[in-house]
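Asker: Starting from the known structure of chain A, fit chain B onto it as the hints suggest.
Number of protein chains: 2
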Amino acid sequence: MLSGLSVIGHLCGKVQESKLFAFSPVKGEMLVEGFSIASEDEIEKAIHLAHLAAPAYTDIPAERRAGFLDKIAEEILEIGPVLIDRAHLETGLPEARLTGERDRTVNQLRLFASVLREGSWVEAVIDTALPDRKPLPRTDLRKMQLAIGPVAVFAASNFPFAFSTAGGDTAAALAAGCPVIIKAHGSHPGTNELVAQAIQRASILCGMPEGVFSSLIGEGAILGQQLARDARIKAIGFTGSYKAGMSLFHTAANERREPIPVYAEMSSINPVLVLPSAVKSNTVALATQLAGSITLGVGQFCTNPGILFVLEDENTTTLTQALIDSLKASASGIMLNKSICQSYYDNKSKLKSLPGVITLTEGEDASEAFKGAPALFKVNAADFIKEPALQEEVFGPASLFVSCSSVEELLIALNVLHGQLTGSVFGEAADLNEYKAAIALLQARVGRLIFNQVPTGVEVCHAMVHGGPFPATTDARSTSVGAESIRRFLRPVCWQNCPAELLPAALQNDNPLNIMRKINGNYTRDAVIE
Amino acid sequence: MLSGLSVIGHLCGKVQESKLFAFSPVKGEMLVEGFSIASEDEIEKAIHLAHLAAPAYTDIPAERRAGFLDKIAEEILEIGPVLIDRAHLETGLPEARLTGERDRTVNQLRLFASVLREGSWVEAVIDTALPDRKPLPRTDLRKMQLAIGPVAVFAASNFPFAFSTAGGDTAAALAAGCPVIIKAHGSHPGTNELVAQAIQRASILCGMPEGVFSSLIGEGAILGQQLARDARIKAIGFTGSYKAGMSLFHTAANERREPIPVYAEMSSINPVLVLPSAVKSNTVALATQLAGSITLGVGQFCTNPGILFVLEDENTTTLTQALIDSLKASASGIMLNKSICQSYYDNKSKLKSLPGVITLTEGEDASEAFKGAPALFKVNAADFIKEPALQEEVFGPASLFVSCSSVEELLIALNVLHGQLTGSVFGEAADLNEYKAAIALLQARVGRLIFNQVPTGVEVCHAMVHGGPFPATTDARSTSVGAESIRRFLRPVCWQNCPAELLPAALQNDNPLNIMRKINGNYTRDAVIE
Numbered sequence: 001m002l003s004g005l006s007v008i009g010h011l012c013g014k015v016q017e018s019k020l021f022a023f024s025p026v027k028g029e030m031l032v033e034g035f036s037i038a039s040e041d042e043i044e045k046a047i048h049l050a051h052l053a054a055p056a057y058t059d060i061p062a063e064r065r066a067g068f069l070d071k072i073a074e075e076i077l078e079i080g081p082v083l084i085d086r087a088h089l090e091t092g093l094p095e096a097r098l099t100g101e102r103d104r105t106v107n108q109l110r111l112f113a114s115v116l117r118e119g120s121w122v123e124a125v126i127d128t129a130l131p132d133r134k135p136l137p138r139t140d141l142r143k144m145q146l147a148i149g150p151v152a153v154f155a156a157s158n159f160p161f162a163f164s165t166a167g168g169d170t171a172a173a174l175a176a177g178c179p180v181i182i183k184a185h186g187s188h189p190g191t192n193e194l195v196a197q198a199i200q201r202a203s204i205l206c207g208m209p210e211g212v213f214s215s216l217i218g219e220g221a222i223l224g225q226q227l228a229r230d231a232r233i234k235a236i237g238f239t240g241s242y243k244a245g246m247s248l249f250h251t252a253a254n255e256r257r258e259p260i261p262v263y264a265e266m267s268s269i270n271p272v273l274v275l276p277s278a279v280k281s282n283t284v285a286l287a288t289q290l291a292g293s294i295t296l297g298v299g300q301f302c303t304n305p306g307i308l309f310v311l312e313d314e315n316t317t318t319l320t321q322a323l324i325d326s327l328k329a330s331a332s333g334i335m336l337n338k339s340i341c342q343s344y345y346d347n348k349s350k351l352k353s354l355p356g357v358i359t360l361t362e363g364e365d366a367s368e369a370f371k372g373a374p375a376l377f378k379v380n381a382a383d384f385i386k387e388p389a390l391q392e393e394v395f396g397p398a399s400l401f402v403s404c405s406s407v408e409e410l411l412i413a414l415n416v417l418h419g420q421l422t423g424s425v426f427g428e429a430a431d432l433n434e435y436k437a438a439i440a441l442l443q444a445r446v447g448r449l450i451f452n453q454v455p456t457g458v459e460v461c462h463a464m465v466h467g468g469p470f471p472a473t474t475d476a477r478s479t480s481v482g483a484e485s486i487r488r489f490l491r492p493v494c495w496q497n498c499p500a501e502l503l504p505a506a507l508q509n510d511n512p513l514n515i516m517r518k519i520n521g522n523y524t525r526d527a528v529i530e
Numbered sequence: 001m002l003s004g005l006s007v008i009g010h011l012c013g014k015v016q017e018s019k020l021f022a023f024s025p026v027k028g029e030m031l032v033e034g035f036s037i038a039s040e041d042e043i044e045k046a047i048h049l050a051h052l053a054a055p056a057y058t059d060i061p062a063e064r065r066a067g068f069l070d071k072i073a074e075e076i077l078e079i080g081p082v083l084i085d086r087a088h089l090e091t092g093l094p095e096a097r098l099t100g101e102r103d104r105t106v107n108q109l110r111l112f113a114s115v116l117r118e119g120s121w122v123e124a125v126i127d128t129a130l131p132d133r134k135p136l137p138r139t140d141l142r143k144m145q146l147a148i149g150p151v152a153v154f155a156a157s158n159f160p161f162a163f164s165t166a167g168g169d170t171a172a173a174l175a176a177g178c179p180v181i182i183k184a185h186g187s188h189p190g191t192n193e194l195v196a197q198a199i200q201r202a203s204i205l206c207g208m209p210e211g212v213f214s215s216l217i218g219e220g221a222i223l224g225q226q227l228a229r230d231a232r233i234k235a236i237g238f239t240g241s242y243k244a245g246m247s248l249f250h251t252a253a254n255e256r257r258e259p260i261p262v263y264a265e266m267s268s269i270n271p272v273l274v275l276p277s278a279v280k281s282n283t284v285a286l287a288t289q290l291a292g293s294i295t296l297g298v299g300q301f302c303t304n305p306g307i308l309f310v311l312e313d314e315n316t317t318t319l320t321q322a323l324i325d326s327l328k329a330s331a332s333g334i335m336l337n338k339s340i341c342q343s344y345y346d347n348k349s350k351l352k353s354l355p356g357v358i359t360l361t362e363g364e365d366a367s368e369a370f371k372g373a374p375a376l377f378k379v380n381a382a383d384f385i386k387e388p389a390l391q392e393e394v395f396g397p398a399s400l401f402v403s404c405s406s407v408e409e410l411l412i413a414l415n416v417l418h419g420q421l422t423g424s425v426f427g428e429a430a431d432l433n434e435y436k437a438a439i440a441l442l443q444a445r446v447g448r449l450i451f452n453q454v455p456t457g458v459e460v461c462h463a464m465v466h467g468g469p470f471p472a473t474t475d476a477r478s479t480s481v482g483a484e485s486i487r488r489f490l491r492p493v494c495w496q497n498c499p500a501e502l503l504p505a506a507l508q509n510d511n512p513l514n515i516m517r518k519i520n521g522n523y524t525r526d527a528v529i530e
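Here the protein sequences line up with chains A and B, keeping their order. Sequential numbering from 1 applies to the first sequence in the working numbering. Sequential numbering from 1 applies to the second sequence in the working numbering.
Bound conformation, chain A alone (with noise of 0.2 Å):
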C-alpha cells in the first residue's frame, strides 16, 4: 500500500538506498516499510518545479484554487480508516483524537477555500486620480495582497494531520497561491505519504501546474537546511522544538543571500492565572480541568499548560490537594516517539534539579513503554523570578505550580515571563477587575489571552491567534492557524496609473468580484466612480 516514495510534483520519487524507517510507539518496534531519503536530484527537481510552477498557480483564478483546496479536502476524507490506522501506529495517538484532528485539517482547507471565494482577502486599496489637486495632481493608485512564492512546510510530530502534510501552512500557502515542499516528519511517515497522495491527486485532478505540491523524505539537518538556504524558497514554515526552529532561522538568515520569514512555532508554556475567586468558588472542578487539559493528548499540546500562577490563601492547600488528586488518577499515556519522551523524562528531571522545586505528584517513570506519566512540580514566585530555566518547555504530562505570596510579587513574575502562545485567566468578574494590572502583563506577552477556559483546543476560524510574541514563535505578526493565516505568503503590490485593461480583477473599477475594498479611505463594495 505505502510506496515509501517522495512525491516529487506530479511523479514520484525513486527508491533510494538510504532509507527511513518510523518508529510506533504502540508495537514499541519500528515499522518494517521503509521510506527513501530524496537525493539531491529529488530536492533539486522539487524546489525547481515549485520555482516554474509559482506565476502560473498565483495567476490561476481564487475560485480554482478554492476547487483544489476542497479536493484535497474530499481525497483526505476518502483514504478513510487506512490513514486514521496508520497515523496511530506512527504517533500513538487515540482513534478518536486522531479523526478529529483529520477532520480539523479538513475544515481548515474548506475555510480557506470559503475565503478564496469570498475574496476579500487580497485587501485591496484603491486611491483613484485627483488631476485636479494642487500643488501636485494625484495619480491612480491600486494596491492588494500577491503570493510571495515557493513556501517549505516542516511537518510537525505532535499534530500528523493539523501541523504537517496538508495542516495549517500548507493550506494556507495553497490558498495565497504559493506551492509548497513539504519535509515529511520523520516520525509519521505513511501519514505524510497518504496525505501526500491525496494532495497530489487533487492537483492533476484540478489540472494545477505540476509543482504547486511536493513532499520529501529527508533529515531535518541535510533536506531541511537545504530547503532553507536554497534562493528559490521565499518563506518557511515551522513547528518543532526550539532548538531546531532557531536553527532553521539562523540558516534563513545568514546562509543566505535574500532574508525570507519564518514562521517558527517553538515553545510556549501558557501560563494559567489563577485568581482567588477561581479557587474558592469551585476548587475540585478547576483542579479537575486544569489536570485533564495538562494531561490531554499526554501533555503534547503547543498550548499545554505548563505553568500555574496562584496567589497563596487558606484555600491553596485544598486546591493544590484537588490537582494532586486528579493528576494521580490520569493514566500515563504513550507518547509521539522515543525522543519525545526520552526528553520528557530528561526535562522533568532537569525541573526538578532547579532551586526551590519541590515535587507534589509525579508518576512512575514509564519511559520503557513510551509512556508519559503525569507530573506536578511547585516553586515559590521568589524563586521562579530568579531562575529563567524554569521558563523552559517540559513538552509532556507535567505543570509548574508557582505559589505568589502577595499581588507584587505576582506581578513581578508575570513581567519576567517570556512570550506564549496563549495566557488562561480564571476569576470571577469582581477578580478579574481587580487584577487587572496582571491581565494587561500577561496581554503583552501572548497571542491568545484566555478567560475561564484551558489553553488546549485551538478552534480553526476567521478571528483565531495561534502565535505570539518570541520563543512562542519567531515572528509575532501572524497566526499558524485560521484564516489571517493567509497572511504568511503574501506581499502587497502597487499598480500605479494603470489602464483599465490590464487591472486585476480585484482592483477593476465595476469590482467583478464584489470584494470589500478600502477606496479613497473608505471601506465599500462599491465600484469606483471616477
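Don't read these hints as lab results, they were simulated from the structure. Fair warning: there could be bad hints in the mix.
[As the list claims (entries may be wrong)] Below, computed lysine to aspartate or glutamate pairings styled on DMTMM-like, alpha-carbon distance capped at 25 Å:
1. Lys-14/B to Asp-59/B
2. Lys-280/A to Asp-103/A
3. Lys-134/B to Glu-255/A
4. Lys-243/B to Asp-230/A
5. Lys-243/A to Asp-230/B
6. Lys-386/B to Asp-230/A
7. Lys-134/B to Glu-44/A
8. Lys-386/B to Glu-44/A
9. Lys-280/B to Asp-230/A
10. Lys-386/A to Glu-44/B
11. Lys-280/B to Asp-325/B
12. Lys-338/A to Glu-219/A
13. Lys-328/A to Asp-313/A
14. Lys-436/A to Glu-409/A
15. Lys-386/A to Asp-365/A
16. Lys-350/B to Asp-325/B
17. Lys-436/A to Asp-59/B
18. Lys-386/A to Glu-364/B
19. Lys-386/B to Glu-364/A
20. Lys-338/A to Asp-85/A
21. Lys-436/A to Glu-44/B
22. Lys-436/B to Glu-63/A
23. Lys-134/A to Glu-409/A
24. Lys-436/B to Asp-59/A
25. Lys-350/A to Glu-258/B
26. Lys-338/A to Asp-365/A
[What the hints assert, rightly or not] If you anchor each label on the Cβ, the simulated ranges turn out as follows:
27. Arg-229/B to Asn-415/A: 16 to 24 Å
28. Thr-359/A to Arg-525/B: 16 to 24 Å
29. Ser-114/B to Ile-529/A: 19 to 27 Å
30. Glu-78/A to His-48/B: 57 to 65 Å
31. Pro-137/B to Thr-524/A: 44 to 52 Å
32. Lys-134/B to Ser-3/A: 30 to 38 Å
33. Glu-78/A to Pro-131/B: 26 to 34 Å
34. Thr-524/A to Ala-331/B: 28 to 36 Å
35. Ile-204/A to Pro-137/B: 32 to 40 Å
Glycine included, C-beta positions come from ideal geometry on N, C-alpha and C.
Answerer: Chain B only, in chain A's frame:
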C-alpha cells in the same frame, strides 16, 4: 538656537566631549555647531523610557494619539523658514524641494491621524460562540492588532524630513502605539534637532508618556548597533545603503536572542521598460521625461530610474540621442554630502569598467564642488544578463540603457533582474497587451508597477506600496510609505471567552468605535448579535 543635544523623552541629553559636526555641501565646509554624541547612559535612558512608556502609550485611545500626531504636524510647520534653511544648509537640497518634502511629511502625520480616527486599522475579527455546535461547541473569539513595542528608526540622508526624524516609520510607529527612538542622521543633525524638539513639545503638550519619543546623536556602528541589539527594542525601521541595512539585519538576527522585524529599505535601480510604441509616438517628450526623472534631486531618490530596457529597432537611435541631449542639458547639482558624492563617482567608474559598458554621455567630474554630473551608459542585454554587478545601484543622476535585440532577450534580462521598489512600463495599449509576459516578470520583482509615468514621486496615501523584494528591502511584506505602513508595527492578539466588560472597545458587541469588522466571516459595521 540649536542646542546640539540629544532629545531624551521630555528632557535633553547632556553636553558631551565627543561631538559630531555636519558638513554643508552648499558652503563646502563643516558647520560650526557641534552635536554631542549620546553617551551609553543616555542611550540606556532613552531605551528604558521607551520600554516603560510602551504599555501606557499603547493603552491611550487612538483618538488621543491622533491628536498627538496632528500636534507634531503643527509644531513642525511652526518652526517655519528656520527649518527649511537649516535643511538646505545641511543637505544642499533646494528650498522648493525641502518645503514640498516637509509638507508631505506633515501630510503623512495627518493621514495617520485620520486612519486612527476612522479606527478600522485595528482589523477587528470576531467569531461568536456556537454553544450548540457538534461535535464540539465553539467559544467566543475576538482578534485585533496591537502595538509591537518600542521601535528604533534610522534616519536617511536623502530625505531629511520624509524618511527621517518625523518620517514614515516614526509616524507609522507612533500611530500604531509604539514609542520611537531615532538614530539621527549625521548629515543633518540640526534639521533632526529642530524636528525632534517639535515632537518633544507635542508630546509634552499632549500629555504623552515621557518615553514615547527620543532622538539620539551617534555613529551607526556604535549607537545603531546598540539599539539593534537591545532586547527592549521590538522592531527596526531603516532607509539607507545596502551595506548598513544588511549589517543591521544581521545584528538583529545574530546578536540578540529574540528575532525582531527589520524593515530596511536599501537599494533599488527601478527598471523602466520602454516598449516600441512609446519610443515611436513621442520620442523627444519621452526622453525629456526620463532624463528629468534620472536627474531629479540630483538622482538621489530611492525610486531613481537606474536602468532602461529598450527593444532595439529603427527608433532606438533617436531615443538614445534625445536622452543624451536632455541629460547634457541638465545641470550638475549639489549632492547630499561628501561621501555620497564620492561614492557616485566611484560607482560610476566601476560601472564603466564592466564588460560591454559604453558611455553615451557623462558630465565633467564636479566632485570638488560636491556636484553630481548626469551620465548615461549603455550595455547589450546579452552582457547585462551575464553580469549581476551591472544591477548594483549607482546612487546619483546616472542610468544604464540596456539594449535588447529580441523579445526573448528582454524576457531573459527581466528574469535575472533583482527585487525592486518600482518597475515602470511605457507603451501604448497594443504594446502593453503584446508584452504581457515581460510586464508579468517585472510585476513579480517590484513593490509598485507603474504605467506611462516615471518612478520618482511617491504619493502618501492609502494604496501606496513603497517596498519590494530583496535587495530593495529586507522584508517585502510591507510598505514604508502610506497608511498601510502602520502594519509594520502591529501584531495580532485574540481574546477568548472574554467577559464583555473587559473587551477592548474595538471588539465590543455594540461597536462603539463604529469600525469595519469581520464578524463570522462577514465584513460589517453592525453590532454583534449574540
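Asker: Compare the structure with each hint and give your call.
Answerer: Status of each hint after checking the structure:
1. The suggested pairing of Lys-14/B with Asp-59/B is violated, with an alpha-carbon distance near 31 Å, which exceeds 25 Å.
2. Only pairs whose Cα atoms come within 25 Å are accepted, and Lys-280/A paired with Asp-103/A is rejected, the gap being roughly 38 Å.
3. Of the pairs offered as hints, the one joining Lys-134/B and Glu-255/A is violated, with about 48 Å between alpha carbons and a cut-off of 25 Å exceeded.
4. A C-alpha spacing of about 22 Å is found between Lys-243/B and Asp-230/A, which places the hinted pair at or below 25 Å, so the restraint holds.
5. Simply put, Lys-243/A and Asp-230/B have alpha-carbon atoms about 22 Å apart, close enough for the 25 Å limit, and the pair holds.
6. Proximity of Lys-386/B to Asp-230/A is assessed by CA-CA distance (about 21 Å); at most 25 Å being required, the pair is judged to hold.
7. Proximity of Lys-134/B to Glu-44/A is assessed by CA-CA distance (about 45 Å); at most 25 Å being required, the pair is judged violated.
8. Our distance criterion of 25 Å between C-alpha atoms is met by Lys-386/B and Glu-44/A, whose separation comes to about 23 Å.
9. Among the hinted pairs, Lys-280/B with Asp-230/A is inconsistent with the structure: their alpha-carbon atoms are about 42 Å apart, more than 25 Å.
10. For the proposed pair Lys-386/A and Glu-44/B, the alpha carbon gap of about 23 Å is at most 25 Å, so the pair holds.
11. As the CA atoms of Lys-280/B and Asp-325/B are separated by approximately 18 Å, the hinted pair is consistent with the 25 Å bound.
12. As the CA atoms of Lys-338/A and Glu-219/A are separated by approximately 17 Å, the hinted pair is consistent with the 25 Å bound.
13. For the given pair, Lys-328/A sits about 24 Å from Asp-313/A by alpha-carbon distance, which is consistent with the 25 Å threshold.
14. Proximity of Lys-436/A to Glu-409/A is assessed by CA-CA distance (about 15 Å); at most 25 Å being required, the pair is judged to hold.
15. For the given pair, Lys-386/A sits about 29 Å from Asp-365/A by alpha-carbon distance, which is inconsistent with the 25 Å threshold.
16. The hinted pair formed by Lys-350/B and Asp-325/B meets the criterion: a straight-line CA distance of about 24 Å does not exceed 25 Å.
17. Using a Cα cut-off of 25 Å, the hinted pair Lys-436/A and Asp-59/B holds, with the two alpha carbons roughly 13 Å apart.
18. At most 25 Å may separate the alpha-carbon atoms for a hinted pair to count; Lys-386/A and Glu-364/B exceed this at roughly 67 Å.
19. Of the supplied pair hints, the one linking Lys-386/B and Glu-364/A is violated, its CA atoms being roughly 67 Å apart against a limit of 25 Å.
20. Only pairs whose Cα atoms come within 25 Å are accepted, and Lys-338/A paired with Asp-85/A is accepted, the gap being roughly 19 Å.
21. Proposed proximity of Lys-436/A and Glu-44/B is contradicted: the alpha carbons are some 29 Å apart, above 25 Å.
22. With a C-alpha separation of about 23 Å, the suggested pairing of Lys-436/B with Glu-63/A holds against the 25 Å cut-off.
23. For the given pair, Lys-134/A sits about 60 Å from Glu-409/A by alpha-carbon distance, which is inconsistent with the 25 Å threshold.
24. Distance check on the hinted pair: Lys-436/B and Asp-59/A sit about 13 Å apart at the alpha-carbon level, within 25 Å; holds.
25. Of the supplied pair hints, the one linking Lys-350/A and Glu-258/B holds, its CA atoms being roughly 24 Å apart against a limit of 25 Å.
26. A threshold of 25 Å between alpha carbons decides the hint, and for Lys-338/A with Asp-365/A the separation of about 14 Å falls inside it, so the pair holds.
27. Distance hint check: the CB atoms of Arg-229/B and Asn-415/A are about 21 Å apart, consistent with the given range 16 to 24 Å.
28. Checked against the given bound of 16 to 24 Å, the beta carbons of Thr-359/A and Arg-525/B, roughly 55 Å apart, lie outside it.
29. Under the hint 19 to 27 Å, the C-beta atoms of Ser-114/B and Ile-529/A, about 21 Å apart, fit the expected range.
30. In this structure the hint that Glu-78/A and His-48/B lie 57 to 65 Å apart at CB holds, the actual value being about 60 Å.
31. Our hint of 44 to 52 Å for Pro-137/B and Thr-524/A is violated, since their Cβ atoms are close to 35 Å apart.
32. Judged by the Cβ atoms, the range 30 to 38 Å given for Lys-134/B and Ser-3/A holds: they are separated by roughly 37 Å.
33. The hinted range of 26 to 34 Å is satisfied by Glu-78/A and Pro-131/B, whose Cβ atoms lie roughly 32 Å apart.
34. Under the hint 28 to 36 Å, the C-beta atoms of Thr-524/A and Ala-331/B, about 48 Å apart, miss the expected range.
35. In this structure the hint that Ile-204/A and Pro-137/B lie 32 to 40 Å apart at CB holds, the actual value being about 38 Å.
Checked against the numbered hints given earlier, the structure breaks hints 1, 2, 3, 7, 9, 15, 18, 19, 21, 23, 28, 31 and 34 and satisfies all the rest.
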